[in-house]
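Visitor: In order, the protein sequences belong to chains S and R. Okay, so the first sequence: first residue is 1485 according to my numbering, each after it adds one. Okay, so the second sequence: first residue is 2 according to my numbering, each after it adds one.
None of these hints come from the bench; they were simulated from the model. Even for Gly, the Cβ is constructed at its ideal location relative to N, Cα and C. Do not rely on the hints blindly, as some may be mistaken.
[Claimed, not checked] Sample of chain S residues at the chain R side, in silico, Cβ under 8 Å:
no.	residue
1	M1485
2	N1489
3	P1494
4	A1502
5	L1505
6	S1515
7	R1517
8	G1521
9	N1524
10	R1529
11	V1530
12	L1531
13	G1547
[What the hints assert, rightly or not] Listed next, the stretches of chain S that the computed footprint assigns to chain R, with coverage defined by at least 3 CB atoms under 8 Å from CB atoms of chain R:
no.	stretch
14	1532 to 1544
15	1548 to 1557
[What the hints assert, rightly or not] Calculated from the model, a selection of chain R residues having no Cβ within reach of chain S, i.e. all distances over 12 Å:
no.	residue
16	G34
17	E72
18	V85
19	S97
20	G101
21	F111
22	L114
23	G116
24	H123
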Amino acid sequence: MTFANCLLFPLVLASRLAEALRRGADEARSSNRELPGPLNAVLRRVLLSEAALIRRGVNLPFGSSLIVVMRRPA
Amino acid sequence: MRACTLAVLPAAARSGRALDLGAGCGWFVRELGPGAHGVELSEDAVAFAAEAGADVEHGRIEDVLPAEGLELVSCLDVLPHREVDEPAVLRDAGASLAPGGRLLLRLPAFQRLYGAHDRFVHQVRRYDRSDVPALHLQPRMAGACCCASPPSSASTALTTASCTRSAATTAPMSPRSPAMRGWRWSA
């Protein structure tokens, strides 16, 4: 079990806090945005670096997603 | 996120018979290769997947579960969808796995982050770390283990070391049920 989107989590947190302050509690709105290419490339590199950590067996302690693998006993 | 999701699977787990639940446009099916199949509710997404060469059929999750002898069942950001019966999906996905098969879940984290985007994509909840043991207690997944599963020879050891339980309870229950007291987490 590991979290993912850990390094960018402060940005996610700030975004959700700002949303909570300025919007109604029951609004439904996508937070997906098309970003400028260079910024997108930077964010992609951040996620790829997280993936490298996970491949090495690091369990990231927090993040916006939780990834779980369950294995059926052999 | 694609890279992070794939990173938890050892290479051997990506090449066998696999089923992706709520496969969307089929990116994960494509990553897994020719042994993988997906099911998706959105006809538009299925059409896009077909154009991209991914084997994704149109239908509901309950149309394809339970299956037999799968080495991997994946459910990426789908389990909390309002149309998904979580206990039934976990039960049937577990029953569909061959011995040693893996169930891969990607879940939105931290209920306190629940907001407008979750409502927009019809998610009814997010998950905290403490919610995960209850997922193991669904029927037929009882006794299964949880792991970060790095693709190395250490993965087997991590599988058994990262999550153990002392109680023999198998019924589904709340994460905060007294029966959860037998669980220990080392990861």
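Visitor: Would you mind marking each hint as holding or not holding in the structure?
Guide: The hints, checked one at a time:
no., hint, verdict
1, M1485, "holds (5 Å)"
2, N1489, "holds (7 Å)"
3, P1494, "violated (12 Å)"
4, A1502, "violated (10 Å)"
5, L1505, "violated (11 Å)"
6, S1515, "holds (4 Å)"
7, R1517, "violated (11 Å)"
8, G1521, "violated (18 Å)"
9, N1524, "violated (13 Å)"
10, R1529, "violated (10 Å)"
11, V1530, "violated (11 Å)"
12, L1531, "holds (6 Å)"
13, G1547, "holds (6 Å)"
14, 1532 to 1544, "holds (count 10)"
15, 1548 to 1557, "holds (count 10)"
16, G34, "holds (18 Å)"
17, E72, "violated (10 Å)"
18, V85, "holds (16 Å)"
19, S97, "violated (9 Å)"
20, G101, "violated (4 Å)"
21, F111, "violated (7 Å)"
22, L114, "violated (5 Å)"
23, G116, "violated (5 Å)"
24, H123, "violated (9 Å)"
Hints 3, 4, 5, 7, 8, 9, 10, 11, 17, 19, 20, 21, 22, 23 and 24 from the earlier list are contradicted by this structure; the remaining hints agree with it.
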